[in-house]
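Asks: Residue-level listing of the chains:
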Amino acid sequence: MEKFTTLKSRAIPLNIENVDTDQIIPARFLKATDRKGFGDNVFRDWRYHKDGTINTDFVLNDTNYSGSILVAGDNFGCGSSREHAAWAITDYGFKVVVSSFFADIFKGNALNNGLLPIQVSASFLSDLLAQIESNPQIELTVNLEDQTISVEELGVSETFEIDVYKKTCLINGYDDIDYLLSKKAEIEAFEKQSV
Amino acid sequence: MSKKTLFDKVWDAHVVDAIKDGPQILYIDKHLIHEVTSPQAFNELEARGIPVFRPNQILATADHNTPTLNQDQPVKDDLSRQQLEQLSINCKKNNITLYELGHQYNGIVHVMAPELGVTQPGMTMVCGDSHTSTHGAFGTIAFGIGTSQVAQVFASQCLLLTKPKSLRVSVNGKLKNGVLPKDVILYIISKLGTNSGTGYFCEYAGNVFSEMSMEGRMTVCNMSIEMGARGGMIAPDQTTYDYIKGRKFAPKGADFDKKVAYWETLATDEGAKFDMEYSFNAEDIEPMITYGTNPGMGIKISETIPLDENPSFKKSLAYMNFEAGESLINKPINFVFIGSCTNSRIEDFRVAAHFIKGKKKADNVTAWLVPGSKQVEAQIIEEGLKTVFEDAGFELRQPGCSACLAMNDDKIPQGEYCVSTSNRNFEGRQGQGSRTILASPLVAAATAVEGKIIDITKHLN
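In order, the protein sequence lines correspond to chains A and B. First residue of the first sequence: 0, per numbering that gives the first Met the number 0; consecutive thereafter. First residue of the second sequence: 0, per numbering that gives the first Met the number 0; consecutive thereafter.
If we strip away everything but chain B, and leave its shape as in the complex, we get (with noise of 0.2 Å):
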């Protein structure tokens, strides 16, 4: 029998039918749905006449577009109000389970499926959202689709899909303190560039993310779009199932064990080929920041930024009003964003937590810690951290994307610079002129606490 990867071997269980020199068919078990993307699906699909095949397979949530302060009174925009009533509307009138604005399971959607226990291994799952891809980390083939997807699936609970090509990304070795696994992804990228994986589905392999929590699995596998792969994937194991185990909508008793059984062979063959593959020492990797205005231009905070006569990249650095040559710290810096699916699970607050305990956010500083569902957010109050970070000056937000792409009011002024622990440095990402500085929650945290870029590495025991 031919040696398979994991990605081969998910794909080809969902492998409805072929076209003869076309893509595939493949079937999707889940589909998350929210505000933005799915509106125009439901209008399609309402003028031809077309029913929603299986509604029981969709979950929506309100996310993109939802305020993250006083989120029990009504939007106060009348074009977000809209979209939100829209998705409610929609959702009922299809039979669509929608945890709406305020509803104790609310959140962003790559961050509430996978602690509802939706998100399981061998699955396949499609959302109009490019982070998709954080759902890889349980060992599920998980990507970013466009609305007329959407439709696709509503109509047909299948894509046709030509499959990518397999890609695999090791890093093997030891971590340095205060590298998070932001920083990992980060490095990766910054090495391999932002369209290295277009056309590939990526698995990360390694005692680095073997060893890694689901919360770290997640945060790797979302940004694999930032690298132009479709999806990235990192094998089930014991600390999978361990998370998987009691969730809301996990198997239960003997099914669980059968469902392991079965999660347990997915795993790569041994000797199974894949299209590219890249390895990394673990050792070489440092705390990260970025300095441009793609995820790929980035360095090793310790770093200055590199010589590059392109044109574009010129165009970048004009942008951020940085310099070739020029080092980081130092900058000062007057936002900082804690949240986003990259970063807005339990452990990326306690990360910030632990740091921030005993010491006071810098007067400059404007900081929005915005947790990633509302079951994180009651989590940061039962384990104390809200005190912590009150207690130091900062401010906890309700749930949301929030300032990450800067949909709701969380918009960084022209100009300023915004230390952030999202996934996207675009010019305007987060506000029209602002200028976004990628980092993980701890780099975030100190920044905030200094009011300015410090090297993390000297701070740390």
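Just chain A, same shape as in the assembly (with noise of 0.2 Å):
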């Protein structure tokens, strides 16, 4: 897994709400069996037509917006257990979601293949879906370790939860794997006692 410490990116305003994951990859995409290439199929039926031809009114269309930040309307990523909503929101090259609500899985899932999901406050998140409409250039600036993001320029800050454990894992690029193999043994006792 990719470290991560800290990110200073312009964003993309995705204001909608419950943004589910049949919205982030839909099913007929879901066949491959690696993980590589889903970020082609991101948001695939808003950012294109039935017909194939691109929707310039979605945002991920609209070249005023990029960078690596998502920032989405509240209860995002509920619905299916795909991590392939996951691998599809990092391999078109965001970096981390902002909302002000995520479905336990989905942040689950971002989690283990180190994309931040940052969950901040609806005022916040409201304020900061109109920043950035109104002038799309603006950077934020995310910063791990201090839990913290903020539009510099504007002066607004905010700080965010994190559980311990996994911003350890983020900040070393670790994963659980190697953490659960190094409770073998412990595992194999707990078996035991358990039969």
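These are computed hints drawn from the structure, not numbers from a lab. Just so you know, even glycine gets a beta-carbon here, dropped at the ideal spot from N, CA and C. Be aware that a few hints might be false.
Here are some chain B residues pointing at chain A (derived, C-beta under 7 Å) [claimed, not checked]:
1. S79
2. R428
3. G432
Put the complex together from the two separate chains, hints included.
Replies: Right, dumping it as structure tokens:
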């Protein structure tokens, strides 16, 4: 897993609530048996019309916006457990998703792929979306060590919560398998005692 | 001794160790896998040279990406066939039992595991599928996981997790005629919303659930994830034990009695505290239907679509081509789907057959009836339901997830409405541009016969 410490980037505002994982990556694209290439089809049915032409109304196709931070409406990532959603978002080039609320499974999947989900307050989110929409050039700064997200030129900042263990994993690029394998003896002892 | 919930008792019995100020290591008893969310996990283990730790505790089936016609022939779609072949190769290489396409035990993972007696009270179970919550109907901690976690369980039979908060939803009273378990859960989600359960594990309590069949309990627990809860549970009781007894992987003889004695201890202690509680009256629930693009957007079938100025709400109605204040009664419907891990068990087909018997499917309707497993399919034939369906002009397909997520060829065309017994009405869930209306098998059967949505409450004796 890639390490994550700090990031300064412009952001793309996806001002829609309840974005489900079927929108992030529709089921018909889940037939691949490796993790690569899902970015081509991220938000497929919002990015393209059914005839394959580009939907210029969709924010990812708006050339005013760019960056590796996705700022999305409340309850992002609900629905299916497909990790393909996290793979698609990272493969497209995002490193951070900001929302006022994340679905559990998506949040876990994101963290397991070095994609940082940042939960902010509803008011911070609506201000942030409005600011990006009025000035697509503004840059956001994310500092994982300090657990802060800020827009320096506007002087606004908010702290966010993250599990201490997960934070350590992200900063060092560790994943859960490494840790669990180091606990093999305890796991085997547990199995013996439970039988 | 402190009072514990059902969830506490099962969880606490599976904690191997804990990281200071961090997650706990939770032992997983059973791991179910399927073709879509497992290949990358197998690849990961292989790339890192890690063996599968406990292959005997894993069970595999092919369900998401399988055709529902001509299952005896090679799968036509290249990518789908390769994905299914990959599952077979991976299972063979790692000594994992697989009930592949056509096997007498093949079926949707959340239908076949309970009917084989794999799912038992007090267990921890996971699967790379969010509807793993289904198995909570047995008093099991069961939840969906991502593929990285599938790899973790392959490697260690454990997961690193923070214990979720506890939530109890109680429904007491007498359900009205025509109100099915699907209506109960759609009603709960319509009241609580799609993220009310996020961060929680839910217990369903009250006489409505204790009087429900196992099939009904599975329908309810299945949709826990649609209110954001990782899982839902119902305390095991005689109904649970009677269901499990005699099934293929159920404990036998004295072992079974010993297990029952343990299962009896699992119910939530009186006075145990929940972090959140909701309660509803059974009498307030009516047959339900959804009108929007998330499962929380549901109304009683006789109600009208509410008014809401929220832009996401309006976007949702625009997608559905519905208007606030509108009734869905008499809406013409061209597609009906009875199936999915929510409603594809024998009881669901009995309900549908009971309504359909002696009637005819409307000419405008394409109706797909897709059993949850080979065993359900066999039972449909054995009970004579297949004849009822065919006499009425319905087509009985072969088992699989089918039009619930439209990974195979069972897709609803652009712009069409589908009254569906599945669990998600997301945009394009059943095919690009399709519009899903979630309902019970009874409402779905009635829609197929009438060719439009009817107020089923007026057609019941």
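Asks: Next, verify each hint and record whether it holds.
Replies: Now for the hints, and whether the structure bears them out:
1. S79: holds (6 Å)
2. R428: holds (5 Å)
3. G432: holds (6 Å)
When the structure is compared with the earlier hints, no violation turns up for any of them.
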